[in-house]
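Quick mapping for you: the protein sequence lines, in order, are chains A and B.
According to this note's numbering, the first sequence is numbered sequentially starting from 1.
According to this note's numbering, the second sequence is numbered sequentially starting from 1001.
Be a bit skeptical, because a hint or two may be false.
As the list claims (entries may be wrong) - Partner residues are not named here, just some residues of chain A that face chain B (Cβ under 7 Å, in silico): (1) 37; (2) 408; (3) 535.
Said to hold, decoys possible - In the SDA-like style, the derived pairs of lysine to any residue whose C-alpha atoms are separated by at most 25 Å in a straight line are: (4) A:317 - A:396; (5) A:602 - A:613; (6) A:135 - B:1592; (7) A:135 - B:1506; (8) B:1317 - A:345; (9) B:1048 - A:557; (10) A:135 - B:1543; (11) A:317 - B:1314; (12) B:1229 - B:1166.
The set of hints was computed from the structure by calculation and includes no laboratory data.
Beta carbons are placed, not taken as given, at the ideal position from N, Cα and C, and that holds for glycine.
Protein chains: 2
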Amino acid sequence: MVKRYLELRSLDEALRLLITSFPNPRNTGRVRLMESVGRVVADPVFAKYSVPEVNISAMDGIAVRSRETIGATDQAPVTLDHFARLNTGNIVPPEFDAVVMIEDTWESGGKFQVRKSAAPWQHVRPAGEDVKENKLILPRGHVIRAFDTGALATFGITTIGVLAVRVGIIPTGSELVPFGVRPGPGQVVESNTVMAQVFLSQMGADCTRYPIVPDDPDRIRETLRTAVKENDLVLISAGSSAGTRDFTESVIRSLGDLIFHGVAVKPGKPVMLGKINGKPVLGLPGYPLAAQTVLREFAAPLLESWGFPPAPRFVVKARLGQALVSDPGFDEFVPIFVGRIGEELIGTPHGKGGFAQMSTVKANGYTHIPAPVEGYEAGTLLDVLLTTDPGSIGRTLFFIGTLDPALEELANRAHDDGLFIHATNPGNIPGLLALGSNSCHAAPLVLPARSFLTSYQPLMQFSGANNLAFLHIAAVGLGIASLEGFDINDLTRIRFINTRKDTPSRTVLDTLLASEGIDPLQVNGYLQEVHGPQAVAAAIRNGFADAGICTSGIASANGLRFVPVAHEDYELVVQKEMLADSRFRTLTSLIRSPGYRAALEKIGGYDLSITGTLRGLNGSGTLTPCMPGSLPSGYR
Amino acid sequence: MVKRYLELRSLDEALRLLITSFPNPRNTGRVRLMESVGRVVADPVFAKYSVPEVNISAMDGIAVRSRETIGATDQAPVTLDHFARLNTGNIVPPEFDAVVMIEDTWESGGKFQVRKSAAPWQHVRPAGEDVKENKLILPRGHVIRAFDTGALATFGITTIGVLAVRVGIIPTGSELVPFGVRPGPGQVVESNTVMAQVFLSQMGADCTRYPIVPDDPDRIRETLRTAVKENDLVLISAGSSAGTRDFTESVIRSLGDLIFHGVAVKPGKPVMLGKINGKPVLGLPGYPLAAQTVLREFAAPLLESWGFPPAPRFVVKARLGQALVSDPGFDEFVPIFVGRIGEELIGTPHGKGGFAQMSTVKANGYTHIPAPVEGYEAGTLLDVLLTTDPGSIGRTLFFIGTLDPALEELANRAHDDGLFIHATNPGNIPGLLALGSNSCHAAPLVLPARSFLTSYQPLMQFSGANNLAFLHIAAVGLGIASLEGFDINDLTRIRFINTRKDTPSRTVLDTLLASEGIDPLQVNGYLQEVHGPQAVAAAIRNGFADAGICTSGIASANGLRFVPVAHEDYELVVQKEMLADSRFRTLTSLIRSPGYRAALEKIGGYDLSITGTLRGLNGSGTLTPCMPGSLPSGYR
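Chain A extracted, bound-state conformation:
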């Protein structure tokens, strides 16, 4: 048996240990004014001189001696012997004590007349009005904003002493290749330290990423020793689990003290904290989402306790679109996508796994499930911390169903019309369920050609709605992809790879085999299932299988031969009320536009003959008004 985590600390306890064990190192640095936004003032900033340094005119006009204007009226104007013509900002010469606006003067023969007496110091900006020499402009702790730089420049400030912290980041792992290098089989790009550097730099940290250290305790120890010497905080990435090559804990123990290893937080459980020469060493788990959690929930609060400003936090209340299970005893952080449907914010959890990097990319927020909570029912109102601009939510259409490159192209074009499309890919049936519970705006569905299903009715009943509208995006050619070419008689000789049950392509394949009288179990690999057509193509290209079912576009993108067998309809399904939504109208125009059509033609493999047609489901489970006018050539 290998070692396991001896104990898991609670998140609260771990954070308390982290914050109280490491007082502020009070490091500072200087930055140029133009690069100072977001930084925290460490050396109070004082004005280098008074502004204005002398009395200046606040108006375009003439400088006067106020006592010489006394008694001037419309009836008895005063012509001035002493004056100076000034524009706004000019010095008021010492012999004058007021400015009369040019509009209130009458010029004649090079002299000026006034018809009202001037009060002493009127329209004069006294020396030091804006700021006085040595006056405090920014106290310690001020977080510099863009508009502050104007005042700072005016007052003579070109560089600013700011809070600084040096963070050393050590990537470990023999399987890693550096960012920018294409990984070979079994290799992984070392991306967690890239993310750590970008994230902590945003807070104002000066980050040093050390070269990748292979899983060799001596080399890890050497690098860690150096990093502790050179930095205020060290992050060591990976090697914190319990595998045979996880040396981080023992290396920390050999150089200093281990404060904790293992916290009841998900993702992020293997997080580790050590203290070497009084400095904190934080062990980041290798899984990207776990590393993110540790950066956001451990590293960031430590820097905040040292005076660095937190990232802006927008919290909204969203209704949970589906149940969310949580492990009791663990503080859990779950990526959430928040969309606005009608007047309500709907939150949809994204994959919770440590691997699923795309889930935080696609989510626009996350929720924190406290340790005692076992989960939430669908419909629960919960707090979501947004990771994007809150204003973008109202401009986002939210789709759940089956994705296709045609939808990705649509998403790209939608942005040019000010729309965002957020789409997840759990499949047809989850899409229909979400559509029925008003948890998405539309369900993009891949429907087998009509001949493979007696009726769409049973499928559509998953939505529970009876007023569905179908917007046709494209028909997609479906067939058998292979490296070598394929004939139906090969089926029982070659290594086949399949898609999961209940996928449209599997339905087509099952129907075809039955019609040909072939027992699926005779097909070598028929039960070997992968996610979808993209994975089928990748498996064939990489030699794991000889043939499988996928779309013509995917086959050609992977350089595979393709034998067409059927087609699928790619439809955007909505509840009919959605047709009145201006965003959906924009989308419909977009789908019908020549530009979108041209883009799909460029991708290839689509039949666009009824693209943009709106249809409904009739009593016999058929889409009306019309079936595709003509099938693509080559289908049988």
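Given the structure of chain A, go ahead and fit chain B onto it with the hints provided.
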């Protein structure tokens, strides 16, 4: 008569003209991944390869052929002939189809035993699970966040095509010196284009600042012609008012069309929009706050209409601490400081003038008063857009009264204890009024030494509160500053400069003159009033006056001679409930700390003998328990 604004457009109308006249130039550029945060994706990002490219292990364990484990139980363990020892992330060799966790195996003699059958593909991450080759990772329009960079690095992305916009910024004005140069008399640092560059760069613009152009229409025209050629948007700073040297409008007309000049917005009225070769030219007013308004309310919305992300907007409801007057017909933007007093947010307007750069530096938000509104009563709830982290509000103590360097030093130190101090300087009486209406936490007051007032009671009645507590910060020496030295007999010979009525130093001076039997009007310049002691010292140093009253610290900081005549007490006055506030306790400890004392000694001019003493006002208007134990030496 000089020209005036011919017409003022409404803000709405001006924005409509701005947005509709200039469609998106659709400029793009490439940035490195590490510098991509906050940028908007212009070229959709696709995965360069599948991740993982091959099947890999999701656990530390052994790779097995699942069919060889069938039937394994505790009673009938199966010893495996074929297996491979794997760590998490290792390739699962093609001959295996499942992974058994190391904890569920028993090793003996180099072979492994399992006691449970393995399901096909268990603990195997299939090729392409995270992302498939050519899969869309980021659609056009996605705003890149720090954590996105991890996924992008993993998926092979090193540079990203992003929205770009080139903004040319032209400073004009013969009175300007470049940022970093100390201005001579009548000169001003060219800071508005610095601020414009910093602000627009934050949005993702590539800014070019052109060298300062003097007020010469031909040279302005040449620079503008070049800038229009080289950029998508041109800002031309100043020269937009109606003075004799305001050439911007005529230069724009000579090269293209003027769309508008003059908008009913404050500050920012002289804003100008032109169109040259189809490109927008925006004329920024010269006053810093007016320039800020035009950057935030015109330039930023134009970039947003071109797809650039808005800055995060936090809006809070705050109760207005004092009445706020607005010019009906003008959309007005007013800097506001928001503080939390008890459970309530209180908003205090800061100077509205175009000059007052410090008002946006000290404010943490602003409010937009729509054109029809004439103003708001004190107590009105209004929307404030925050310009700082909302979390900082609860950590901020808010003072209104009279400022002194001793308070600035306190503010700097407070940040080390996690506190911010926001203080404004309208004087003693406004501070007392605010204290009474619960619109500030404390009023820092400069009180004339007891001998100059029969009772503090009348002064304190301005607060309307009768439960005031006084925390003594320091006693400040007051006297006559001069370049040449000063004797009481000089008073009627020299040029004197005074502080305003109702200031403590003026009270002291008036009392002293009366006791000496001197008529104030005999003193040359006695009625020439400046803001406060700092301005007095500056006026003397710059030769505008020979002598005036100020504090010993300010005199010595300005290199002036000083004849002490009295002292003032610098007190922090609070309602007694505030004594229970933990933030105020922190502050009291800070004032009593040796470090603070040492800092005040370093500044000089303070008597610290009763620093940190808490007192109350007794029936006879005296502070008890004690008056200062001993007056500083040299006072009479």
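Going through the hints against the structure:
1. 37: 6 Å, holds
2. 408: 4 Å, holds
3. 535: Hint on residue 535 of chain A: holds, closest Cβ of chain B at ~5 Å, below 7 Å.
4. A:317 - A:396: 17 Å, holds
5. A:602 - A:613: The hint holds at about 21 Å.
6. A:135 - B:1592: Status holds; Cα separation ~24 Å.
7. A:135 - B:1506: 22 Å, holds
8. B:1317 - A:345: Answer holds: residue 1317 of chain B to residue 345 of chain A is near 22 Å, not above 25 Å.
9. B:1048 - A:557: 13 Å, holds
10. A:135 - B:1543: 20 Å, holds
11. A:317 - B:1314: The hint holds at about 16 Å.
12. B:1229 - B:1166: 11 Å, holds
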